[in-house]
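Engineer: Numbering (UniProt numbering), first residue to last: 1 to 93.
Keep in mind the hints are simulated off the structure, nothing from the lab.
Beta carbons: idealized from backbone N, C-alpha and C, even for Gly.
Be a bit skeptical, because a hint or two may be false.
[Unchecked claim] Per label pair, the in silico range of CB-to-CB distance:
| id | residue 1 | residue 2 | range |
| --- | --- | --- | --- |
| 1 | Arg39 | Leu92 | 33 to 39 Å |
| 2 | Ile66 | Gly38 | 29 to 35 Å |
| 3 | Thr53 | Asp7 | 58 to 64 Å |
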Amino acid sequence: MAKSKFDAVLGQRKTLSSEVVLAENTRAIEPTGTRSRGRPPGKRTHPDYRQVTIYIPRALHDQVKISLIQEGRKEFSELVGSLLDRWIRERLD
């Protein structure tokens, strides 16, 4: 049978795909010990936190974000959490 002009390209593809399969099968197994690299788990996956949605005026949100940045605080949720905590303590007194 005569070789077509695409036989060389197809042969290269078969070789590359078999190399990829070999590379995937020979990956190092990661240790199951403690993880020290990468991002730490966030609040979304933390069992002590719950995501809630609130509606506040846009201008108020903008002012709060600017104030948080100026104070060096980053988390809007920290501010809301501390305000709600203070409100609960005042109600219990």
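Engineer: With respect to the beta-carbon atoms only, verify the hint that Ile66 and Gly38 lie 29 to 35 Å apart.
Structural biologist: holds (31 Å)
Engineer: Given a hint of 33 to 39 Å, does the C-beta separation of Arg39 and Leu92 actually sit inside it?
Structural biologist: holds (36 Å)
Engineer: Mind checking the hinted window 58 to 64 Å against the Cβ distance between Thr53 and Asp7?
Structural biologist: Hint holds: Cβ distance 60 Å, inside 58 to 64 Å.
Taken one by one, the earlier hints all hold for this structure without exception.
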